[in-house]
Amino acid sequence: MPLILTDDQQMIRDSAEGFFKDEAPVSQHRDLRDSKNTDGFSRDVWTKMAEMGFAGVLVPEAHGGADMGHVAAGIILEAMGKNLSAAPMLSTAVLGATALKAGTAEQQAKYLPLIAQGAHLLALAADEAARHKPNHVATTATPSGNGFKLNGVKGFVLDGAAADTLIVAARTGGETDDKAGITLFLVNPKADGVTIDKRSMVDSRGAARVTLADVQVDGADVLGGVGEGFAILERMLDAGRACLAAEMLGVSGTSFAMTVDYLKQREQFGQKIGSFQALQHRAAHLFCEVELARSATLKALQALDEGSDRAAMYVSLAKAKAGEVAILASNEGVQMHGGIGMTDEYDIGFFMKRARAAQETFGDAAFHSDRIARQLGY
Amino acid sequence: MADLETFRAETRAWLEANCPPEMREPIRDDDDVCWGGRGVKFKSEAQRVWLERMGAKGWTVPEWPSAYGGGGLSREEAKVLSEEMRRIKARSPLSSFGIWMLGPALLKYGNEAQKLEHLPKIARGEIRWCQGYSEPGAGSDLASLRTSAEDKGDHYLVNGSKVWTSYADKADWIFCLVRTDPTAAKHLGISFLLFDMASTGVSTSPIKLISGSSPFCQTFFDNVQVPKENLMGVPGKGWDIAKYLLTHERDMIGGSDSTGGGQRDSVSNIAKRLIGLDAAILADTALRTDIARHEINALAFGLTMERVLAETKSGQGTGALSSMLKYYGTELNKERMELLMSIRGSDGLVWEGEEKGEGDLARSWLRSRANSIEGGTSEVQLNIIAKRVLDLPGA
Numbered sequence: 001m002p003l004i005l006t007d008d009q010q011m012i013r014d015s016a017e018g019f020f021k022d023e024a025p026v027s028q029h030r031d032l033r034d035s036k037n038t039d040g041f042s043r044d045v046w047t048k049m050a051e052m053g054f055a056g057v058l059v060p061e062a063h064g065g066a067d068m069g070h071v072a073a074g075i076i077l078e079a080m081g082k083n084l085s086a087a088p089m090l091s092t093a094v095l096g097a098t099a100l101k102a103g104t105a106e107q108q109a110k111y112l113p114l115i116a117q118g119a120h121l122l123a124l125a126a127d128e129a130a131r132h133k134p135n136h137v138a139t140t141a142t143p144s145g146n147g148f149k150l151n152g153v154k155g156f157v158l159d160g161a162a163a164d165t166l167i168v169a170a171r172t173g174g175e176t177d178d179k180a181g182i183t184l185f186l187v188n189p190k191a192d193g194v195t196i197d198k199r200s201m202v203d204s205r206g207a208a209r210v211t212l213a214d215v216q217v218d219g220a221d222v223l224g225g226v227g228e229g230f231a232i233l234e235r236m237l238d239a240g241r242a243c244l245a246a247e248m249l250g251v252s253g254t255s256f257a258m259t260v261d262y263l264k265q266r267e268q269f270g271q272k273i274g275s276f277q278a279l280q281h282r283a284a285h286l287f288c289e290v291e292l293a294r295s296a297t298l299k300a301l302q303a304l305d306e307g308s309d310r311a312a313m314y315v316s317l318a319k320a321k322a323g324e325v326a327i328l329a330s331n332e333g334v335q336m337h338g339g340i341g342m343t344d345e346y347d348i349g350f351f352m353k354r355a356r357a358a359q360e361t362f363g364d365a366a367f368h369s370d371r372i373a374r375q376l377g378y
Numbered sequence: 001m002a003d004l005e006t007f008r009a010e011t012r013a014w015l016e017a018n019c020p021p022e023m024r025e026p027i028r029d030d031d032d033v034c035w036g037g038r039g040v041k042f043k044s045e046a047q048r049v050w051l052e053r054m055g056a057k058g059w060t061v062p063e064w065p066s067a068y069g070g071g072g073l074s075r076e077e078a079k080v081l082s083e084e085m086r087r088i089k090a091r092s093p094l095s096s097f098g099i100w101m102l103g104p105a106l107l108k109y110g111n112e113a114q115k116l117e118h119l120p121k122i123a124r125g126e127i128r129w130c131q132g133y134s135e136p137g138a139g140s141d142l143a144s145l146r147t148s149a150e151d152k153g154d155h156y157l158v159n160g161s162k163v164w165t166s167y168a169d170k171a172d173w174i175f176c177l178v179r180t181d182p183t184a185a186k187h188l189g190i191s192f193l194l195f196d197m198a199s200t201g202v203s204t205s206p207i208k209l210i211s212g213s214s215p216f217c218q219t220f221f222d223n224v225q226v227p228k229e230n231l232m233g234v235p236g237k238g239w240d241i242a243k244y245l246l247t248h249e250r251d252m253i254g255g256s257d258s259t260g261g262g263q264r265d266s267v268s269n270i271a272k273r274l275i276g277l278d279a280a281i282l283a284d285t286a287l288r289t290d291i292a293r294h295e296i297n298a299l300a301f302g303l304t305m306e307r308v309l310a311e312t313k314s315g316q317g318t319g320a321l322s323s324m325l326k327y328y329g330t331e332l333n334k335e336r337m338e339l340l341m342s343i344r345g346s347d348g349l350v351w352e353g354e355e356k357g358e359g360d361l362a363r364s365w366l367r368s369r370a371n372s373i374e375g376g377t378s379e380v381q382l383n384i385i386a387k388r389v390l391d392l393p394g395a
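Residue numbers (the numbering used here), protein chains in the order written: chain A, 1 to 378; chain B, 1 to 395.
A few of these clues could be false.
[To be verified] Capping the alpha-carbon separation at 20 angstroms, the derived lysine to aspartate or glutamate pairs in EDC-like fashion look like this: (1) B:Lys313 <-> A:Asp7; (2) B:Lys313 <-> B:Glu83; (3) A:Lys272 <-> B:Asp391; (4) B:Lys387 <-> A:Asp261; (5) B:Lys387 <-> A:Glu267; (6) B:Lys170 <-> B:Asp30; (7) B:Lys356 <-> B:Glu25.
Hints were generated in silico from the structure; no laboratory data involved.
Model the full assembly from the supplied sequences, consistent with the hints where possible.
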């Protein structure tokens, strides 16, 4: 597959860019923050996204989805990154849909149409430690009644307070860091024993600490095979990581565009600061870095659509490179804006906050460098 | 498509019958590479025959028109030829600045007589060319060049000096930037001149580099008489040709030094062989981090080359990216060489030893430092990106 967007994908890009610019621009992000919105996103926008087919981008047509694939999902996330649009796109449309596609026919029929309609929100409750390590699962699932009893603490659950269903990774066997013995469960956050502590984050998105104390789940709420949850979790995470790379590419794109624009406007010492070579070289270098992040991200999304053996390697490449570049682009953006870049009134700081949060989500550049090295056999 | 398959079958048969077995062996030494020219010394009869046969078919330059000694092949046919040559691991019959640089410029800017005179000889490897661009006082600021070509009615009288002329001591002809109008503005008084290195008044002096080799020369012109018809293009418009060729050269340097192409062994594979694994990860964990970071950039760069090519082919091209590829590709190659030196440790410091090949790494490392200087420095590439891509003021 050539490393470019198809005609259809270019059309999706054009409509996504128009949609988020109109419906969820940076000013909306600011309003959400200032109004201390409990979800961290606008439910109204999410409904419109479902109407556009975005919520069902990975849901099969048989279940009412648009089934447009990962490249299309990435295109939507990139447009969201450009505008800092907040929505449960990642947690529900990407992670949730990917998870449920591994479910039973009953589970698929129950959840997938609701995901596509924007009528049901999901959240992944997997990470326990502050540093991402998906095989580190200390939460236990012990047989009880016709199902299991869950106990443990999930430290970082994105959109955890808004979710209608939690996808919980718990251990039915093996030792704490083993990949085998992890099982995924669909858990109602309103069930007895579930405590949701909402935390607003630096990027004003919603996350929660979820405590599970003797939470009873039915056998029918196991997602995939008992003890075989890690493979599904990896698929979910890889789809999420590639889409986060795309979102960070959008963050880099706007940070960079704002910065170059500022270099052309701002005058000091009687001339535009963009005429200073010290700044020109940094901007030109940044241009190259954003181009590299774009290539790596598109390759990862295509590899997921193709079901390539190397998909995991390309996903880590994209997440590592796009993450590093988003941090660089937003940091350079603030620095080259000077004092105004430090003010809350100006938007560039929002991009720096989002870049940092997205970088830490599902493994930072160091995590993915290590993963690539392992994939390449060293 | 059927025609293309017929062409493939014929090409395969011809290559099978005409490519000597010795020319299907990997290149081991510098003299395995044939540069042609009047003074060519073939390493073997096979090398001579291979050049002669490929040159006669025009397949040293498959896409040039046959009227100028080329193969007259379409882009698709040329691709088939290249695939079939790779299939039998056939060596390139001829390496030549005439093919890579002057030829494309001649096809674009030369007049009919110049094309008929020079292109066939380039195609057959009969004339070896060198490039006269930089001068002792004109490096990054190339347009400040001072080598003069004074109009003497029936000829130009050339005086001055060029530097970093690759293989000038072995070349037969030179394509050279000269100043024909000393009164015109800097970029407007320059012309593009072709002349014989055997002309009276031309002399060369090799420059020894930090890597110990001397592929470059300083070249001196002392009252060299050059016929007027040897000026290519329009007098005073030589800078346009120079820019065209520099872009072309950047693509070559950036492209050939990419680490994403997959032809060279990866840094991590070399590290695995030399350092070894411990519990499935590289035994030197600090170096492993540096290597992984490098390989991420190398892979992303390789994908970027792939994407830029795909965009160009489909007409989605963003344009003006040759400076990006040159800048990033050469910086990556330098980083690769630094890492290989680190992996080899003190063994990499050997300059001369008992065994053949000792000292090669240190020499390659030193050679790589020139990547971001030749063909326009990294800093000049960043200037070009700032000006042409980002449209920054006063750049």
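Cross-check of the supplied hints:
1. For the hint pairing lysine 313 of chain B with aspartate 7 of chain A, the CA-to-CA distance comes to about 14 angstroms; that is within 20 angstroms, so the pair holds.
2. Taking the CA atoms of lysine 313 of chain B and glutamate 83 of chain B, the gap is about 19 angstroms. The hint holds against a cut of 20 angstroms.
3. Of the pairs offered as hints, the one joining lysine 272 of chain A and aspartate 391 of chain B holds, with about 12 angstroms between alpha carbons and a cut-off of 20 angstroms not exceeded.
4. Restraint check: the Cα-Cα separation between lysine 387 of chain B and aspartate 261 of chain A comes to about 14 angstroms, which is no more than 20 angstroms; the hinted pair holds.
5. Between lysine 387 of chain B and glutamate 267 of chain A, the direct Cα distance comes to roughly 18 angstroms. Compliance with the 20 angstroms bound is thereby established for this hinted pair.
6. Among the hinted pairs, lysine 170 of chain B with aspartate 30 of chain B is consistent with the structure: their alpha-carbon atoms are about 14 angstroms apart, no more than 20 angstroms.
7. About 19 angstroms separates the Cα atoms of lysine 356 of chain B and glutamate 25 of chain B, which keeps this hinted pair within 20 angstroms; it holds.
No hint from the list above goes unmet by this structure.
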